[in-house]
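Chemist: Here are the chains, one letter per residue:
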Amino acid sequence: MYTYDTYDQAMVDARVAEFRDQITRRIAGEMTEDQFKPLRLMNGLYLQLHAYMLRVAIPYGTLDSRQMRMLAHIARTYDRDYGHFTTRQNIQYNWIKLEDCADILEELATVEMHAIQTSGNCIRNISSDQYAGAAADEVTDPRPWAELLRQWSTFHPEFSYLPRKFKIAVIASPEDRAAMRLHDIGLELIRQDGALGARVFVGGGMGRTPMIAPEINPFVKADDLLSYLEACLRVYNRYGRRDNIYKARIKILIHEIGADAYRRQVATEFAHVKTLGIDPPLAELERIAAFFAPPAYDAANVEPDRTDPDFAVWLDQNVKPHKQAGYAIVNISLKPIGGIPGDATSAQIDVMADLAEKYSFDELRVTHAQNIVLPYVAKRDLYAVWHALRDAALADANLDLISDIIACPGLDYCSLANARSIPVAQKIATRFADMDRQRDLGELKLKISGCINACGHHHAGHIGILGVDKKGVENYQLTFGGSGAEDVSIGKIIGPGFDEDGVVDAVEKATEVYKALREGDERFLDTYRRVGLEPFKEAIYG
Amino acid sequence: MKLLTGNDLGSGAVTWWTGNGWSIHVEDAADVGEHGEAILHAEEGARRVNAPYIIDALPTEDGPRPAHIKDRIRALGPTVRTDLTLKPADPAAGDWII
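Which chain is which? The protein sequence lines are A and B, in order.
Take the first sequence: its position 316, counting from 1, is numbered 316 in our numbering, and each next residue is one higher.
Take the second sequence: its position 85, counting from 1, is numbered 85 in our numbering, and each next residue is one higher.
These aren't lab readings, by the way, just hints derived from the structure by calculation.
Heads up, some of the hints might be wrong.
To be verified - Covered stretches of chain A, going by a simulated chain B footprint (3 or more residues, C-beta under 8 Å):
#: 1; stretch: 376 to 388
#: 2; stretch: 427 to 439
Stated by the list, open to error - Heads up, incomplete: computed chain B residues facing chain A, CB under 10 Å, no partners named:
#: 3; residue: MET1
#: 4; residue: LYS2
#: 5; residue: LEU9
#: 6; residue: GLY12
#: 7; residue: THR18
#: 8; residue: LEU58
#: 9; residue: PRO59
#: 10; residue: ASP83
As the list claims (entries may be wrong) - If you want a taste of the chain B side facing chain A, the calculated C-beta under 10 Å gives, among others:
#: 11; residue: GLY21
#: 12; residue: ARG81
#: 13; residue: LEU84
#: 14; residue: LYS87
Quick reminder that beta carbons are idealized off the backbone N, C-alpha and C, glycines included.
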């Protein structure tokens, strides 16, 4: 894992001191809320329905057990004993007091954490593949590049006041586990004739106008990547719509001028930027990459004993192949039946930290699907890990099944939301609680947003649910056919909306149609794409 | 009736204007009638409340009931964590929100 140098630490410490002073002045009345609001947002502090909410950055979703324990400590000491892991691989706390905020950030800084780039119209926390460094299918580890982008983007003077927020994802596998093409910039690291570079996709996103990022460049050499991204951002910064918040994202710019025109402008800008020498020297790349060297693998390739049937189910569902023989990737589901997607108590966070320290070379990942990953677990240790997870109510074997639901906080917490998301997720998960039934349905990614901002990624759900306010009453629209994976697509609204119980019934009817019509190993998404909407619509509305 | 609500500057807690101060309990809220804007500006200026706004509510035997579900959730707490609501012992609390 990357470790701060003296510059990193000094920057974060200075930021804490600065924000402490700003908070003091706000409480003393020397600043109005209008003056203070942009400052607190730059430090990840929102005002939500019930209290202040602090969103803490977890760069590319990677953290160690010391940092994870700090997250538990914050939850226990300053919040209400739990945290909420988000679809941006971050964590947020829902009950923060303004007067505690500087102390919290000071404590976070002691373990190289902060809340910078978790709000505001800047380049947000870089996201990546939660299996980075462990995936059997990756061409390189994307984390050094994500770290380079973090260093480039943090406090970048040109890009601190962009027309709108800006999200970048980096992957290095053909299988997209990070919804890469639904980001403002998506990078897929590839090799071409032995040389490392990136496919560059620009202009994707969800929100009220979902778009799949077009490919702007099929191969940018790794040596040019930073300059090329600088050019991409400069063109956006120059022409992005600052006059209309709903048209300010880069996806709208590219949609309006066209991908070809944008590509040409970037090429022109790149020719200039490349002369500025901002791409790091090889020595700096090597310095960063050294932090992500593979751990000291030493386990023999021993398959775990599958005689315990519950353990075997968990192995099949939540444990993924590793590039190192003898090791596996463990997914910890934060989606217990009837629970709140993404929530974990401080005790559970501590358990996961302990397991990472003991069994996963001290490393964890947060996934955009609001789960946790132990990336380096020896197969010989899987049974012990499962036992410990089970004791902490963290062993739900439902990864990528219908109860592994992404849900935003919705109207239970969020001041932007129009409808509650979590109760719908709970009811659907409870309806499909039977594991045999879930496993029979197979991979079915269900995602729920409580408003059009789409933090719950409903556009990318095989089944998506969007909560809306219909004359003061919660109403839920269903979408089918979305995907955030390499077969990326945007879901389509299937018809009139439902009330809370009605949408649960509609989801169940959709699964019954799928079971009746599926062929071979088809997933729900495959069957929907093959047969179209009509049979589903007939069953749901007929 | 009209209520004035906001968040406490320091704690962020949801608060309701009672006529002579702020309470975290919506049943203490007073009808501000046509005076909401004036109270809002005075209280915000004095830093006794953050991000205040005026809402519609209906009078009931148990006190004011905000007209919109969002404000009822603000008044009581998240419907999915009844242990964290203002009245965790009241099994009917959820009915009040919906």
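Chemist: Does the interface hint hold: is THR18 of chain B within less than 10 Å of chain A, judged Cβ to Cβ?
Modeler: Violated, about 19 Å.
Chemist: Please check whether LYS87 of chain B passes as an interface residue: C-beta within 10 Å of a C-beta belonging to chain A.
Modeler: It is violated, given that the least Cβ distance between LYS87 of chain B and chain A is near 14 Å, above 10 Å.
Chemist: Does the interface hint hold: is PRO59 of chain B within less than 10 Å of chain A, judged Cβ to Cβ?
Modeler: Interface hint status for PRO59 of chain B: violated (18 Å vs cutoff 10 Å).
Chemist: With a cut-off of 10 Å, does the beta carbon of LEU84 of chain B approach a beta carbon of chain A closely enough for the hint to hold?
Modeler: 6 Å, holds
Chemist: Holds or violated: LYS2 of chain B as interface residue toward chain A, Cβ cutoff 10 Å?
Modeler: Violated - the Cβ of LYS2 of chain B stays beyond 10 Å from chain A, reaching only about 17 Å at its closest.
Chemist: Any CB of chain A closer than 10 Å to the CB of LEU58 of chain B?
Modeler: 12 Å, violated
Chemist: For the hint on ASP83 of chain B, just tell me whether its beta-carbon gets within less than 10 Å of chain A.
Modeler: For ASP83 of chain B, the interface hint holds, since the closest Cβ of chain A sits about 9 Å away, which is under 10 Å.
Chemist: Please check whether the stretch 376 to 388 of chain A has three or more residues whose CB lies within less than 8 Å of a CB on chain B.
Modeler: With 0 residues closer than 8 Å to chain B, the stretch 376 to 388 of chain A misses the three-residue bar; violated.
Chemist: Can you verify the interface hint for MET1 of chain B: is its Cβ closer than 10 Å to any Cβ in chain A?
Modeler: 17 Å, violated
Chemist: Quick check on GLY21 of chain B please, does its C-beta sit within 10 Å of some C-beta on chain A?
Modeler: 18 Å, violated
Chemist: If you take the shortest Cβ to Cβ gap from LEU9 of chain B to chain A, is it below 10 Å?
Modeler: 7 Å, holds
Chemist: How about ARG81 of chain B: closest beta carbon in chain A under 10 Å, or not?
Modeler: 8 Å, holds
Of the numbered hints given earlier, the model fails hints 1, 2, 3, 4, 7, 8, 9, 11, 14; all others are met.
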